[in-house]
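So the sequence lines, in the order shown, correspond to chains A and S. By the working numbering, the letter at position 106 of the first sequence is numbered 106, and the numbering carries on one by one without gaps. By the working numbering, the letter at position 300 of the second sequence is numbered 300, and the numbering carries on one by one without gaps.
Source of the hints: derived by calculation from the structure; they are not laboratory data. Please read these numbers as outputs of a predicted model, since none were measured by experiment. Not one of these hints is a red herring.
Copies of one chain are not kept apart here, so a pair can be met inside one copy or by any two copies together.
Cut-off 20 Å, straight-line C-alpha distance, at most; resulting in silico cross-link-like pairs (SDA-like, lysine to any residue): (1) Lys-113 with Pro-97; (2) Lys-114 with Met-172; (3) Lys-113 with Asp-100; (4) Lys-255 with Asp-179; (5) Lys-55 with Arg-73; (6) Lys-113 with Met-99; (7) Lys-114 with Pro-97; (8) Lys-114 with Met-99; (9) Lys-113 with Met-172; (10) Lys-255 with Gly-37; (11) Lys-255 with Pro-38.
2 protein chains.
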Amino acid sequence: MTNVAAVEMSADFKTVLSEIGSAMNAELDRLLPVVPGPENQVVDAMRYAALDGGKRLRPFLVCASAGLFDVPRARALRAAAAIEMVHCYSLVHDDLPAMDDDDLRRGRPTVHKKFDEATAILAGDALLTEAFTVLADAATHPDGAVRANLVAELAHASGAKGMVGGQMIDLMAAGLNLDQAGLTRLQNMKTGCLIAGSCRLGAILGNASAADRDALGAYGIAMGLAFQIADDVLDVESSAAETGKATGKDAAAGKATFVSRLGLEGAKTYARELAETAARHLTPFGERASVLRQAAFFAVERRS
Amino acid sequence: MTNVAAVEMSADFKTVLSEIGSAMNAELDRLLPVVPGPENQVVDAMRYAALDGGKRLRPFLVCASAGLFDVPRARALRAAAAIEMVHCYSLVHDDLPAMDDDDLRRGRPTVHKKFDEATAILAGDALLTEAFTVLADAATHPDGAVRANLVAELAHASGAKGMVGGQMIDLMAAGLNLDQAGLTRLQNMKTGCLIAGSCRLGAILGNASAADRDALGAYGIAMGLAFQIADDVLDVESSAAETGKATGKDAAAGKATFVSRLGLEGAKTYARELAETAARHLTPFGERASVLRQAAFFAVERRS
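Between the sequences and the hints, there should be enough to build the whole structure, so can you do that?
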């Protein structure tokens, strides 16, 4: 255990994101070693899904939130790996033919195309399970009560009241004709809960007060929704070649989006307002929260 | 929290199994409440999968093991519910078309037939996640370190090194031509780890010594294999009408079974030897382990 803090808080957001992305790949590589038996096929698929070089936003949020409370970097990276495993499992299952039926993810074949459907289902299951192994291990935090809190937070964010419930609503969305409130609830559950959970894991690792946890959770919900709306905008404005996945699927499926509800300019304005809301939740942390503040505005500015 | 112990240890096995089955249904019903939003579809599917009246062997093992250490019944039932959620999730995913492709489970339509494939995938994911919510909650044990140990044990038993790894091997088994050692390793991973994990969860709840945990874990591995071999025997000897599911599938798929490796009588003899091995691991607990001893012999005697 080194005493280097999780994140240098005055640094540039893009530099920190890139640096945590590299550290995350190394951590996941270490936490998901190949095994000698025939069951290595599922481990191969887990590694394919987890080591694919996403932008690692959730690990960044864990590490940056932990950095506010001087959490040692090695601990923050373990919690970050756990939440990234959950994020990656959700992508593997969402891509399945029975769900969103996607053949490509970040320009590569999805796990069920690279391996097969059964392996993809099992790889998702095992990534979700392994996330809890990582959090429950004493290397993540010496205090068992903290480890149990980390587990409770991750499970709450990713279960039927969070991510999985949001995915269920999303699959039914074409028949629901959701208004802005319904759409907001769907997105908060489907992606916001895990993003807020990332921030809260960092705070829990740092034995933060309930008020500080809640402030970081509220930041996460607002910035997560800003990212989601920016994605809706990107989905409309860009082509498949640029994003590496099929685009315009929600609109084609007859699902409401923030763009269809608010119009393109209205959606952009709302995303910016949400980023400002997110930033206001960081006020108690002052200049130390600089990279988190930058992150909230990154999504809404990346297309301008 | 009542101070009634988890299990009356001198009781009759079948009486205790039946009594814990009823208590388990009530506990799962309480832990998986319906919700008002459209995401209730996944909750409905979780309840359909979890409240279907299986024999509740794993909850019995948690409660009976916990009973050796005078664990309060309310705590044992929570840990038992968690492991039963994991068992039920594994059945939902195993039944999927991409996996074993079963239309019936205990005489009822499988979850993907009753609902749809996407809902079945999500219901499995959410049951697995909810299991960790239950274990991490202070109602399961007041000591956070104990809760973290419960989480670590369940995750280890059910992940790529345990149940999911075993299911991966099972899917590849037709091409592996497994010998008895390979078949034993497959079954220990696929079903033995979670059965041993059930016993170990009870011991962890009771702050048992490492030696007592390991003895109960070894009991679970031996009795789990005895049950599996008895299932192989049952699979050959019975018809679909009697078991409520398709039979002879492993043999038809060209997979080795203990019956194909050892012959019908050889398999029965081996199952009995394993039950005796299981019983020997209970020696340190004397007469208090009576229901666990009875359980080990139940499987191998149910056809005679």
